[in-house]
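Protein sequences appear in the order of chains A and B.
Residues 1 to 113 (our numbering) make up the first sequence, in order.
Residues 1 to 113 (our numbering) make up the second sequence, in order.
Quick caveat, the hints were computed from the structure, so don't treat them as lab data.
Note that the Cβ used here is the ideal one computed from N, Cα and C, for glycine as well.
Careful: at least some of the hints might be erroneous.
Just so you have them, the derived chain A footprint on chain B, three or more residues with Cβ under 8 Å [claimed, not checked]:
#, stretch
1, 46-58
2, 65-76
3, 81-95
Restraint-style ranges between C-beta atoms, simulated for each label pair [said to hold, decoys possible]:
#, chain 1, residue 1, chain 2, residue 2, range
4, B, 39, A, 53, 43 to 49 Å
5, A, 2, B, 74, 40 to 46 Å
6, A, 102, B, 52, 49 to 55 Å
7, A, 74, B, 43, 54 to 60 Å
8, A, 2, B, 102, 44 to 50 Å
9, A, 87, B, 79, 56 to 62 Å
10, A, 47, B, 83, 34 to 40 Å
Chain A stretches covered by chain B per the calculated footprint, using a threshold of three residues with CB under 8 Å from any CB of chain B [stated by the list, open to error]:
#, stretch
11, 11-22
12, 79-85
2 protein chains.
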Amino acid sequence: MSLPHPNLDQISLANVLSVLGDQTRLAVVGYLARNEGVAMSCGQFSEFGSKTNLSYHLAKLREAGITRTEVSGTSRLISLRRDDLDSRFPGLLDSIITAAQDLPALERLRDDA
Amino acid sequence: MSLPHPNLDQISLANVLSVLGDQTRLAVVGYLARNEGVAMSCGQFSEFGSKTNLSYHLAKLREAGITRTEVSGTSRLISLRRDDLDSRFPGLLDSIITAAQDLPALERLRDDA
DNA sequence: TCCTTAGTTCAAAATATATTGAACTATTGA
DNA sequence: TCAATAGTTCAATATATTTTGAACTAAGGA
Numbered sequence: 001m002s003l004p005h006p007n008l009d010q011i012s013l014a015n016v017l018s019v020l021g022d023q024t025r026l027a028v029v030g031y032l033a034r035n036e037g038v039a040m041s042c043g044q045f046s047e048f049g050s051k052t053n054l055s056y057h058l059a060k061l062r063e064a065g066i067t068r069t070e071v072s073g074t075s076r077l078i079s080l081r082r083d084d085l086d087s088r089f090p091g092l093l094d095s096i097i098t099a100a101q102d103l104p105a106l107e108r109l110r111d112d113a
Numbered sequence: 001m002s003l004p005h006p007n008l009d010q011i012s013l014a015n016v017l018s019v020l021g022d023q024t025r026l027a028v029v030g031y032l033a034r035n036e037g038v039a040m041s042c043g044q045f046s047e048f049g050s051k052t053n054l055s056y057h058l059a060k061l062r063e064a065g066i067t068r069t070e071v072s073g074t075s076r077l078i079s080l081r082r083d084d085l086d087s088r089f090p091g092l093l094d095s096i097i098t099a100a101q102d103l104p105a106l107e108r109l110r111d112d113a
């Protein structure tokens, strides 16, 4: 009943970077960062893509070790693995989130970059 | 006689991350970081791939704004755009380089991750 | 001038990633 | 029990990225 997540030593730098090197996933992470503490389900991200496409991107984030997804009924509760990432790659997530927040919303979403 | 480089505001976060999300390019950046101040030509990176393949990867790094490539005779002198990246995305490159240095050399090179 | 060296370009092939819609599962509320 | 809701999976397609080798350019040195 719970989804697979990599443990700390299975989180790879190159994979984290390539997974975050995508506008949609960067937008999701920015949104999570802006709403830390609030329980986020997949539906909250609907502005970033179709249901089926988000399912794909959210799985990539989980499999890379960037997010944690807890099953709760028919919902999934998604959160950033901040502490894990901070201990594995100190400063990395903070600098990415800061840079992502500085982008205008449109650029965060824009796909044609 | 000089190659095109993006200027500061043309450097995009998603692009930097996706370009660095590759073992070969991460290895090149780690090597540059470990040898800052030393003039590096393409040939120095031969351990990371074939001549033609490196030409491709080094162009990606340059086009993303991560490296600067100066033409010098038949050679190219390649360096990290540290100050530019630091001002655009504070802390990002440092955290990536630190994390990349902590990897064992084999993992830095491994392609089957 | 001729040869060598350093690196680029091109086009083809291989591989990986992203997007879609239809069909599906599981939970929940009426 | 039935229908609705939340999300997943599958297979197909579309698209992008990587890798390769052969042919190329431009600069130096003998």
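We went through each hint and held it up to the structure:
no.	hint	verdict
1	46-58	violated (count 0)
2	65-76	violated (count 0)
3	81-95	holds (count 7)
4	B/39 <-> A/53: 43 to 49 Å	holds, 46 Å
5	A/2 <-> B/74: 40 to 46 Å	violated, 58 Å
6	A/102 <-> B/52: 49 to 55 Å	violated, 37 Å
7	A/74 <-> B/43: 54 to 60 Å	holds, 58 Å
8	A/2 <-> B/102: 44 to 50 Å	violated, 30 Å
9	A/87 <-> B/79: 56 to 62 Å	violated, 31 Å
10	A/47 <-> B/83: 34 to 40 Å	holds, 36 Å
11	11-22	holds (count 11)
12	79-85	violated (count 0)
Hint violations for this structure: numbers 1, 2, 5, 6, 8, 9 and 12, all remaining hints satisfied.
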